[in-house]
Structure formats: C-alpha cells, structure tokens
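Student: First to last, the sequence lines map onto chains A and B. So the first sequence is numbered by the numbering used here: it starts at 502 and just counts up by one. So the second sequence is numbered by the numbering used here: it starts at 60 and just counts up by one.
Derived from the structure by calculation, the hints contain no laboratory data. Just so you know, even glycine gets a beta-carbon here, dropped at the ideal spot from N, CA and C. Keep in mind that the hints are not guaranteed to be accurate.
Quick look at which bits of chain A chain B covers, simulated, 3 or more residues with Cβ under 8 Å [said to hold, decoys possible]:
(1) 522 to 528
(2) 540 to 546
(3) 585 to 593
(4) 708 to 718
Pairs of lysine-lysine residues, derived as PhoX-like cross-links and limited to a Cα-Cα distance of at most 20 Å, are as follows [said to hold, decoys possible]:
(5) B/Lys134 with A/Lys545
(6) A/Lys551 with B/Lys134
(7) A/Lys545 with A/Lys575
(8) A/Lys706 with B/Lys77
(9) B/Lys120 with B/Lys77
(10) A/Lys671 with A/Lys726
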Amino acid sequence: MTDPLDLHALADGELNREDASRVRESLRSDEALNAEYNAILNLKDCMRDKTLRFDSEDAWRACRGRMDAIDRTKRVEGLVTRYAWAICAFFFVMILSGRYATQGTQGAAAQISDIGALAGTVRSQNAPDLRNAAATNRWLDQMLGDTRQSIAMDRLTVLGGGVGEWQGMKVKVLDLQDNNGRLQLMIIPANLNLQDTAAMPGTPKVYAGNLGSSNCVAWSVDGSKTLILIARRPYDELQTIASRINAQKK
Amino acid sequence: MIFGRRDRRDSFERQAEKVFPSVFGTALRLTRSREDAEDLAQEAIVRAYDAFERFDGSNFKAWILRIVTNLYINKYRQRQRGPQVGSLDEEGVVEPMSAEAEVPDRILFDNALSAEVEEALAQVPVDFRTAVILSDIEGLSYQEIADATGVPIGTVRSRLARGRSLMRKALEGYARKEGFLRPHEGTDE
C-alpha cells in the first residue's frame, strides 16, 4: 500500500532513491495509482505553465527608492557616528569664535550702573606720593597704560586711584579733581556695549549715562578699551573734559 | 567601508531584481490585493536588504520568499478575508486527485486559461495555497517551504497534497462552468 503523500513527494523529487524506486514499482502494478501520479504531474505542469506573469516593474522601482533612502540614512548615520568628535569640536570652536568675534566687533553687553557701582568700591590702594610730580607722572602712565590718553595736570589734579575687579577684568579707577569738583575716570580693558547709555548729540562715539546722582560719559579706545568719566556735572561739561583726555596723546 | 556598502547594494540588487517577479507574484497570490502585495513585497525587500549580511549565500530566492511568507503570516494574514485553514481538516485523509473522478486531464488543463488557474488558486485556503505556490510555482523544496511557513515537513507534505486536490476541484468547477465538462462528468454521481 503506497502512501498518497509519497506520490506527491515522488512528483516533487523529494523521495530518497530507495523510497522512490519502491513507489515507482507500485506505479507499474497499480493503474489507479499511476493515474493519480499523472494527475499530480499534470497539475504541477499546469501550475508552472499557466500561472500569470505579473507586471512588477513599478513595485520594483518603489523598492529601489526605499533602498536608496536606506542607503542615504545609513551614510549620514555612518558619518555622524564616525566623526561625532569632529562635529562636536567644530561646533565648540564655532561657539568660541562667535563669542570672540562678537566681543571684538560689538563689545560685551554691560549695564553702566553695574560698572559705576564698582567705582565706589575701589579705593586708592596704590596712591602715589602726590607731592612728587615725577612719581605721580610715572604712576599715571602706568595707570593709563596703552590707552594713549593723558591727564592734563594743569587742569586736573590726581587725587589717587586703584584697581578693582569686574567680571574677571582688572578695572583701573582714577580719582581726579578740577575747579568744579571731583571726578572719576574708569579704564576697562574691554570694548563694552553699554546698554543704558545714549550717544551724545554731535559726537556719536561718546555715550552718556546716569549713575544715580552722577552723570557719566563713556568712549572707546582702539576697539579694545572703554573709558568712563563720572562726576556730578552736566553731560556737555563731562564731554568737554573727556575730549581733552582723549585728545592729548595720539 | 563606503565601497563595501556600494558592493553590498549592487550584489543585493542584482539578485533581488532577478527574483522580484517571484516575490511580487507570491505576495499577490497570498494577499489577493495589488495594494497589499506592493506593500508586502516592498517591506520584504527592505527587510531582506537590512538582513543581507546574514544571508548564508545558499538560495537567495528561497531566503527572500521565506521573508515574504513570514511577513504575510505575521502581519497581513489577520487582515485577509476568505477561507482559512481552520475550515478544513489539515491532517485529514488526502483525497485522490483523479482516480475516482475520471476527469481527463486533457480536458481540465488544456482548456484552462491562466486567469482561471489564478482564480482557482485564489479559492484554495491560504495555508494550502501557500504550500502550492511555493512548491509548484516557485519550485521550493519541502524543507524550504517548512522553513518559510514554520511548520514541520510532514505538514508541508499534507498541505501540498490537500492544496493540489482542492486546486483540481476548483479547476473542475471552471471546466464545468465553461462547458468543457458535462454536469455529471467528474463527479461520483
């Protein structure tokens, strides 16, 4: 007795040699079995020859599009993974450069009221012996440094001065006096963008601000330093003194 | 690395393009919907492309058809309508295809049109249909069909026998409808 499943297996070439010859032997002696076997073969032929060939061009094109998208994604992922450190370093450098570039051109933002508060705290720690003119001049040169500014000793008297710290910068403060009273000159080693000041009419490079009971004028030197002159005076008077200080040493 | 990826893509594409008509045909015969078949074929290609590094290099067509079948079973089959295997006794006695019916194959198969063969196939419940498609149309071995469908070889054998028997019955129905068989021909009456 031959298992009908073996007939299918024989037709499919799935029987080993021994089983195949056993089934073939049965086929020779059993007509009904032979007819069944032929029916299986005929159906297999029919399935192979008469099934449709579907048009799959569009579907294949869509698949290629998906593969392109996968490749693109993997390329980007690969680059990001491989060069993550470089990308981070690049952005870090960009941020630092941006910071320095902003400082160089526009100046760091600051409130004049914050800086003015410093003026009151700096005491004349390094006050010179004002009776010695030569010593006073040397000290003044040190204080003014490379600002190319000059204090006219015939108009202004130096009372003293000192160095304070504001936002990590050494800020020099000079206590001055003229016929109308006392003044303070602050020298800040940065080009500041003073936000609570306004440009003086006619002199757009000099800015005026208010510090409570005092007024102040500020100007920039060489794009790297800011000088602020503070006193209980009208703005135009402060501006006149500032222009003298600024004009005397080129 | 970049060249490796390019080579991999080329190698995959070369082989996939060759077997894609089989992939799409199988997807279409399983889902019986062009839209679903396009989705299924596309998803199978994408998965195969992703897993191409794990392909053992033996039979690409069998490997990719296994992905199609697995995807269909896991994702699409629940959405499909139509007869399921539960309606038939899978392990039941295999009916003979010809002996008692005495329907000449010449009448049955010579007159069958491709569209009718496809329609007859579509009437076969999906588990039997899958076995018939993979074996008789795509030429996969029993072991490859067992791998693709996740069933033992014994089940593949019985599903094939049952599927072919059902297929023949469906073709007889068409032959009768078209007048190639007389109403009493091919029945036990």
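Student: Give a verdict on every hint.
Tutor: Against the structure, the hints come out as follows:
Residues of the segment 522 to 528 of chain A lying with their CB closer than 8 Å to a CB of chain B number 0, which falls below the three-residue condition for coverage. By the rule of at least three residues with a Cβ nearer than 8 Å to a Cβ of chain B, the coverage given for the segment 540 to 546 of chain A holds, with 6 such residues. Counting residues of the segment 585 to 593 of chain A whose CB lies closer than 8 Å to any CB of chain B gives 0, which falls below the minimum of 3, so the coverage claim is violated. Only when three residues or more bring their CB closer than 8 Å to a CB of chain B does the claim for the segment 708 to 718 of chain A stand; here the count is 0, and the claim is violated.
Taking the CA atoms of B/Lys134 and A/Lys545, the gap is about 29 Å. The hint is violated against a cut of 20 Å. With a C-alpha separation of about 29 Å, the suggested pairing of A/Lys551 with B/Lys134 is violated against the 20 Å cut-off. A threshold of 20 Å between alpha carbons decides the hint, and for A/Lys545 with A/Lys575 the separation of about 44 Å lies outside it, so the pair is violated. The suggested pairing of A/Lys706 with B/Lys77 is violated, with an alpha-carbon distance near 77 Å, which exceeds 20 Å.
Annotation: proposed proximity of B/Lys120 to B/Lys77 holds, straight-line Cα distance about 9 Å (limit 20 Å). Distance check on the hinted pair: A/Lys671 and A/Lys726 sit about 12 Å apart at the alpha-carbon level, within 20 Å; holds.
Of the numbered hints given earlier, the model fails hints 1, 3, 4, 5, 6, 7, 8; all others are met.
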